[in-house]
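Asks: The primary structure of each chain is shown beneath.
2 protein chains.
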Amino acid sequence: MGQQAEPIEQMAAELAKLPGIGRKSAQRLAYFLAARPLDEVRELTQGIYLGREAIRLCERCGNYTSDNLCPVCADTRRRQDLLCVVRDPRDVAAMERMHDYHGLYHVLHGILSPMDGVGPEDIRIRELLDRLENGEVQEMILATNPDIEGEATASYIARLVKPHHIRVTRIAHGVPVGSDLEYADEVTLSKAMEGRREM
Amino acid sequence: MGQQAEPIEQMAAELAKLPGIGRKSAQRLAYFLAARPLDEVRELTQGIYLGREAIRLCERCGNYTSDNLCPVCADTRRRQDLLCVVRDPRDVAAMERMHDYHGLYHVLHGILSPMDGVGPEDIRIRELLDRLENGEVQEMILATNPDIEGEATASYIARLVKPHHIRVTRIAHGVPVGSDLEYADEVTLSKAMEGRREM
Chain A
0 MGQQAEPIEQ MAAELAKLPG IGRKSAQRLA YFLAARPLDE VRELTQGIYL GREAIRLCER
60 CGNYTSDNLC PVCADTRRRQ DLLCVVRDPR DVAAMERMHD YHGLYHVLHG ILSPMDGVGP
120 EDIRIRELLD RLENGEVQEM ILATNPDIEG EATASYIARL VKPHHIRVTR IAHGVPVGSD
180 LEYADEVTLS KAMEGRREM
Chain B
0 MGQQAEPIEQ MAAELAKLPG IGRKSAQRLA YFLAARPLDE VRELTQGIYL GREAIRLCER
60 CGNYTSDNLC PVCADTRRRQ DLLCVVRDPR DVAAMERMHD YHGLYHVLHG ILSPMDGVGP
120 EDIRIRELLD RLENGEVQEM ILATNPDIEG EATASYIARL VKPHHIRVTR IAHGVPVGSD
180 LEYADEVTLS KAMEGRREM
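So the protein lines, in turn, are chains A and B. Counted the way numbering that gives the first Met the number 0 counts, the first sequence spans residues 0 to 198. Counted the way numbering that gives the first Met the number 0 counts, the second sequence spans residues 0 to 198.
Wrong hints could be hidden among the right ones.
Which copy is meant is left open, so a pair is good if it fits within one copy or across any two.
[As the list claims (entries may be wrong)] Once the Cα atoms are required to be at most 20 Å apart in a straight line, the calculated EDC-like pairs of lysine to aspartate or glutamate come out as:
| no. | residue 1 | residue 2 |
| --- | --- | --- |
| 1 | LYS161 | ASP129 |
| 2 | LYS190 | ASP146 |
| 3 | LYS23 | GLU8 |
| 4 | LYS23 | GLU95 |
| 5 | LYS23 | ASP87 |
| 6 | LYS23 | ASP90 |
| 7 | LYS16 | ASP38 |
| 8 | LYS161 | GLU120 |
| 9 | LYS190 | GLU148 |
| 10 | LYS161 | GLU135 |
| 11 | LYS23 | GLU5 |
| 12 | LYS190 | GLU150 |
Simulated from the structure, these hints should not be mistaken for lab results.
Using the sequences plus the hints, can you model the full thing?
Replies: Following this line, the structure appears as structure tokens:
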């Protein structure tokens, strides 16, 4: 498109690197930013960059933080004997939205995936085992996603942790609350039956 | 949300300033960027900012450009006697995608809107009249949007230009190609009837 101003193309090309933003949306956003004052665009882009620059991994659990410890690990009122293992920091955010879990987390920053060449050394499993050494943790909840890789990672960790004699649990699979049985896939439905409970 | 890392919130707050990006999408994007290398995020945010910084308005038509003249005005093969008046630079891009218009443009950078306090002095009407002074333009096509403000702006300009004795036209309104009569609103349909042509 020789007729489109080059800077617009440049902005659109960068914006299109964001997930879920296609070529058309990126152009729309580029035109939007082109019409905003330069100061405002500087504030926006610098805000994003400085935010990214400030991000550190919590030295205990691997969650995002701006300090040494994340807000969860820094909160001494949380149960120190309960550990929830998740794939990445946005899973911590999802769990926290529930306001119902009062233990700690361990963020793996990835999931075992031989197909993608991700092995146990590539995710924070070593750090997880180290955390179990002091004997404080009594229960470990494996909250990786209920997909093939999530299940495989959960099984792998459960096996590794066995010698530590702590309780290892897996989040329940079943029909999501508010959904319709009709739309549940067979595997979910079969898991829901398998995990049925006395009323 | 005290449990969410502050830098993530900062990034999400900036991203949510973009149109069409709500709080949830902004958080998703923030987590995406948090997981990318710092260098990559610098490149992305700087690319956007430097693009915005490089944007200038074509000194003749007001289109976006990185030079004194935009690519259209700089192209001497374009018809100098034909002028298409549009609301903003993204309309130029839309027209150019058609590959069928070979004249010049004039970008108003806004539309008359008494309700929003936008009067004739707030958009590039003065510059438009100045361009007609040398007598080169033979036809002016008013291609503002077919909404109330677009129509009012077109009428206003048509009246102003009358003394110059040039041909003033308005883009046709009608049923969009590929659409369904059933879904056309009454005004569009009535315009389509009014503008009917011999076959």
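Asks: For every hint, state whether the structure bears it out.
Replies: Hint check:
In this assembly of identical chains, the alpha carbons of LYS161 and ASP129 lie at most 20 Å apart only when taken from the same copy (14 Å versus 83 Å across copies). For the identical chains of this complex, LYS190 and ASP146 are intra-copy neighbours only, at 12 Å inside a copy versus 55 Å across copies, given an alpha-carbon limit of 20 Å. Taking identical chains as interchangeable, the C-alpha atoms of LYS23 and GLU8 lie at most 20 Å apart only when both belong to the same chain, with a minimum of 11 Å there against 27 Å between chains. Taking the shortest alpha-carbon separations for LYS23 and GLU95, only the inter-copy value of 15 Å comes in at or below 20 Å, while the best intra-copy value is 35 Å.
For the identical chains of this complex, LYS23 and ASP87 are inter-copy neighbours only, at 17 Å across copies versus 30 Å inside a copy, given an alpha-carbon limit of 20 Å. Taking identical chains as interchangeable, the C-alpha atoms of LYS23 and ASP90 lie at most 20 Å apart only when they sit on different chains, with a minimum of 14 Å there against 30 Å within one chain. Taking identical chains as interchangeable, the C-alpha atoms of LYS16 and ASP38 lie at most 20 Å apart only when they sit on different chains, with a minimum of 14 Å there against 23 Å within one chain. Taking identical chains as interchangeable, the C-alpha atoms of LYS161 and GLU120 lie at most 20 Å apart only when both belong to the same chain, with a minimum of 19 Å there against 77 Å between chains.
In the homo-oligomer, the alpha carbons of LYS190 and GLU148 lie at most 20 Å apart inside one protomer (17 Å), although the nearest pairing across protomers, at 58 Å, exceeds that limit. Only within a single protomer do LYS161 and GLU135 lie at most 20 Å apart by alpha-carbon distance; the minimum there is 15 Å, versus 86 Å between protomers. In this assembly of identical chains, the alpha carbons of LYS23 and GLU5 lie at most 20 Å apart only when taken from the same copy (16 Å versus 31 Å across copies). In the homo-oligomer, the alpha carbons of LYS190 and GLU150 lie at most 20 Å apart inside one protomer (13 Å), although the nearest pairing across protomers, at 61 Å, exceeds that limit.
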